[in-house]
Amino acid sequence: MLIAVLGPKTKIPIQFSDDSRIWAWSRVKFAVLRAEERNKRMRTRSAQFSPGVWSKQRKIAWRLLQLAGLLVSAIGVVFVATAGPVFSQQATSQASQATSVQHVKCVIGLENIKPNTKGTLSLLPSGLEFSAGKSKADISTASIQDIFTGQESRQDVSGPAGTLAKAGIPYGGGRIVSLFSHNVEVLTVEYVDSNGGFHGTVFVLSPGKATELKNKLVAQGAKVTNHVQPPPPEQKP
Amino acid sequence: MKPLTPAAFRSNFSTALGAAVLLMVASFLSPPSSLGKPGPAPQQPQKLTASAIQLERSDAPDDLVIPEDTRVAVYENVILQLNKTKKFQHVYRSGDRTADSVPDLVILRVVPQAFKAGSQKQREVTTVTGATSIKVKVQFASRDGKILREKVLEGKVRFYGENLRATYDLAKKVAAAVNETF
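As you go down the protein sequences, you meet chains A and B in turn. Be aware that the first sequence starts at 1430, since it is given in this note's numbering, and climbs by one per residue. Be aware that the second sequence starts at 14, since it is given in this note's numbering, and climbs by one per residue.
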């Protein structure tokens, strides 16, 4: 027995017997002819229809690719436009963090600055500068006699308005609000004026900033003596 | 005599009235005591005069540890309050060389005597504890070192406010002492 393979799906078993040899051969020939004809038809059909279909699909795909590219580029532009200033701000803030500290409270001691004024404390090559609005005050590094730092805590809700608000909470709820506090660092700078008169200034900064400024001032040449620091009042029993 | 009768009431009343009259007569006839009479006024210390004052920095005793921000705040607050009194033409700071030429300069020393570090949180939560106080000896001295006046003052913050508010309270009391003295 012989199996004639005429295509991927065309398998014809052929039996070579004496009686049916001619019939089988004609059957094989017929099957071969039919398979060839079918293949031809398929080729001509694909030749007739595939160019149009492929061109449409390619166009659609190309347009989709273009749209995707536009979308990606638009997202990229938006990202660059938004992230650029942020990065530049970060870069500038990192650069300015080294030289200035914002939201610093000058408790007392600067000429032309009212007590408890908030402003920006900057470290210049010549010394310290405190600016609050239009008023400014300088402390030159050469005039600094000593620098002290200390840890303290401040109430989260304080001041006259805060005190009134706490007093207005019924059933002593204001006392519970008073439990919330935050740590601050106090920077005390002692310096002399041109006549030799002693001045002292007290700044309240966020934690870590006072020590950083002190170290930088010392690096600039400010005088510092060794001190005995009393324990923070909050840690006392 | 039966009690609670009109006769008994009249007898008791007349006795009480007589005693009251006797007491009144005795009080009028007795010599006046020295308690009610205002004595001679206590001698007011003579006020000092000076055209300028210089605030000297004074170190605390060795056994007294005062945070430097408190000391600086006392110094600066006293300078501010001295200027507010307007008793002097000039208020000099410690170490100011221009004060050397002032003839009638008075030197003010604020010597720390005691310090108690309180807690703002404790004050606001408990109301009765956590007060911050600083006690100082205030000396008015002449240029040659003679003590002209001396007073002990205490600054406190009891209820509301930061610890450094005690220095403001103390400076106000120093200013009041200056107003009494000059």
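Everything labelled a hint here was simulated from the structure, so no lab data went into it. Quick caveat: nothing in here was measured; it's all calculated off a predicted structure. Idealized CB from N, CA, C, for every residue including glycine. There may be inaccurate statements among the hints.
Residues from chain A that face chain B, not an exhaustive set, calculated with beta carbons under 7 Å [claimed, not checked]:
#	residue
1	Ser-1610
2	His-1611
3	Val-1631
The hint names Val-1631 of chain A as touching chain B; please verify it with the least Cβ-Cβ distance against 7 Å.
Check passed: Cβ of Val-1631 of chain A comes within 5 Å of chain B, closer than 7 Å.
Does the interface hint hold: is His-1611 of chain A within less than 7 Å of chain B, judged Cβ to Cβ?
violated (11 Å)
Interface hint outcome for Ser-1610 of chain A [beta carbon to chain B under 7 Å]:
It holds, given that the least Cβ distance between Ser-1610 of chain A and chain B is near 6 Å, below 7 Å.
In this structure, only the earlier hint numbered 2 is contradicted, and the remaining ones agree with it.
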